Amino acid sequence: MLRINNLEVVYNDIILVLRGISLEAPEAAIIAFLGSNGAGKSTTLRAISGLLPYEDGEITKGTIEYRGEAVHTFDPQRIVGLGITQVPEGRRVFAELTVEENIRVGAHTRRDGKEEFRRDYDRVLAYFPALSRRLRVQAGFVSGGEQQMLAIARAFMARPSLMMLDEPSLGLAPLLVTEIFDIIRKINAEERVSVLLVEQNALMALAIAEYGYIMENGKIVLDGPSHKLMENEDVKEFYLGMKSDKERKSFAEVKHYKRRKRWLS
Amino acid sequence: MALQILLQLIVTGLAWGSVYALIALGFVLIFKATDIFNFAQPELMMLGAYLSFTLITALKLPFLPAFLVTLVLMTVISSLLEMMVIRPLVGEPVLAVIMVTLGLANVIRGMTGLIWGYEELQFPKPFSAQPIMLFGAAINQAEIFTILATALLLVVFFIFFKYSRAGLSMRATAEDTSTAFLMGINVKRVFTASWAIASVVATIAGVLLATFTYLEPIMGHAGLKALPALILGGMDSVVGAILGGLIIGVAENLAGFYLEQYLGGGINEITAYVIVLIVMMVRPYGLFGTKEIERV
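Residue numbers (my numbering), protein chains in the order written: chain F, 1 to 265; chain P, 1 to 296.
Where hints are given, some of them may not hold.
As the list claims (entries may be wrong) - Capping the alpha-carbon separation at 25 angstroms, the derived lysine to any residue pairs in SDA-like fashion look like this: (1) Lys188/P / Ala70/F; (2) Lys114/F / Ala166/P; (3) Lys291/P / Leu97/F; (4) Lys291/P / Gly90/F; (5) Lys32/P / Leu52/F; (6) Lys114/F / Phe161/P.
Unchecked claim - Now the in silico label distances, taken between C-beta atoms and shown as ranges: (7) Arg118/F / Ala2/P: 52 to 62 angstroms; (8) Gly38/F / Glu92/P: 26 to 36 angstroms; (9) Arg118/F / Leu114/P: 48 to 58 angstroms; (10) Pro65/P / Arg3/F: 53 to 63 angstroms; (11) Gly144/F / Tyr262/P: 54 to 64 angstroms; (12) Glu119/P / Arg118/F: 53 to 63 angstroms; (13) Gly144/F / Val239/P: 25 to 35 angstroms; (14) Arg111/F / Ile159/P: 16 to 26 angstroms; (15) Arg111/F / Leu80/P: 24 to 34 angstroms; (16) Glu260/P / Leu135/F: 45 to 55 angstroms.
No lab work stands behind these hints: they were computed from the structure.
Treat the numbers as computed from the prediction; the structure is a model and nothing was measured.
C-beta: ideal position from N, C-alpha, C; glycine also.
Okay, chain F solo, but in the shape it has when bound (with noise of 0.2 angstroms):
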């Protein structure tokens, strides 16, 4: 559904974020998009959402291609229109703005009269119960966990059927991280929204996503099934953080040797 051919992206420039990469989420799929800190996967995400000119980014080479149709030069507001939502980073809910007015904020695009509207309406606030209850409070004064469940369910009053999540997971704690990734799954699972899951929390992302890319210094370096990925030692050591049972070692040996990453599949 959404192909990435070879893209490359330049800021300012000179600095090369996006050195040539490739990605593929197909209809109804959770791809886990993974990397760490500053390895260009907001920049991925950005690039497709079509914000790249309104921040001195351009993309220098290749396509973002969605449906069949090149779409790497369009308006943002024609991204969405097409069914591209975003959740940013940093969840980035309208702080001014009631719950309520957040949720009909998402919905800005569509043009298919009030019905539809609460249909989806009714249907974002059975997802996330926790919303119902604060539909009149401002967002800005709303939990973390409750902000983010907030962001998602913005994107979804697009109607949209691509979802693109940026870390999600950021700053929550482990239990509310589950019940998110468990909506997400649900989202997924029952509205056959495709979702482009971009997290550091590579262990809960890659449990609920079929494919995964794994994402350094604007390369993919590694793209596979989810299992196959979890498998990978490289993946294990240094986004798992687990070892194999023969290399573990006690704190007590502090100095030891480090692998270096091969990124063999």
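Go by the hints and put chain P onto chain F.
Same frame as chain F, now just chain P:
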């Protein structure tokens, strides 16, 4: 008798305060949406008043149709200004954009002088000069009308920003432009719309002011009182702008009457600035403004 005088002073103060409030509101609307301080706001007000003056006197339109036509004209003019003068400057330093609005203000004032002359003009009065008697106080009809019209406008505004899709998208853009993009909001259109709405507010302020004063190219100097109103209320607060305007309007009228005998004539001219000076010492971000905390 003293009470009647007080009532008169307060009504006059509220009428002037309404005008200050509307100008300040125009400043806030553009500032919140686009982060630009539009120094040409008082000149837009003046231009609106002159346009409706011409429609009434030259085209012999009755007051209300002339007023509505002026609103449409001003919407078009300010949208064009935004698209042709301000939009090419997006991404330039804020100071550069602000200087451009300052230049715009001078151009509009100069053009007005060229076209309509620098003499004071009498705005055709839509209300009879006969004062209304209220609790024994004689009150100018135009002032009452100004207060009521402002109140009505504010109610319309409240409904627009609270309930309409366009109003909501404008508030969202004002708060966080880049997230507004992600909602599919057409941010460029919101910027243009904020200029259009600000010019409508300015025009209403100008026409209302003209009904109880007169027209002259420097009537934009009422904007100099809107600035303290704005600072008093807090640069980014709509409610603050309105209350700030009203407070300053009433305060300067009362000061003008009661303090003149002790402090000499013209005290009303500086009242606004004295108030702002005091408020700034206590609350540097204004009565309702957002406190900006910078962490190191």
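So, going through the hints one by one against the coordinates:
| no. | hint | result |
| --- | --- | --- |
| 1 | Lys188/P / Ala70/F | holds (23 angstroms) |
| 2 | Lys114/F / Ala166/P | holds (15 angstroms) |
| 3 | Lys291/P / Leu97/F | holds (18 angstroms) |
| 4 | Lys291/P / Gly90/F | holds (22 angstroms) |
| 5 | Lys32/P / Leu52/F | holds (23 angstroms) |
| 6 | Lys114/F / Phe161/P | holds (19 angstroms) |
| 7 | Arg118/F / Ala2/P: 52 to 62 angstroms | holds (59 angstroms) |
| 8 | Gly38/F / Glu92/P: 26 to 36 angstroms | holds (29 angstroms) |
| 9 | Arg118/F / Leu114/P: 48 to 58 angstroms | holds (56 angstroms) |
| 10 | Pro65/P / Arg3/F: 53 to 63 angstroms | holds (58 angstroms) |
| 11 | Gly144/F / Tyr262/P: 54 to 64 angstroms | holds (57 angstroms) |
| 12 | Glu119/P / Arg118/F: 53 to 63 angstroms | holds (60 angstroms) |
| 13 | Gly144/F / Val239/P: 25 to 35 angstroms | holds (28 angstroms) |
| 14 | Arg111/F / Ile159/P: 16 to 26 angstroms | holds (22 angstroms) |
| 15 | Arg111/F / Leu80/P: 24 to 34 angstroms | holds (28 angstroms) |
| 16 | Glu260/P / Leu135/F: 45 to 55 angstroms | holds (53 angstroms) |
Violation of the numbered hints given earlier is absent; every hint is satisfied by the structure.
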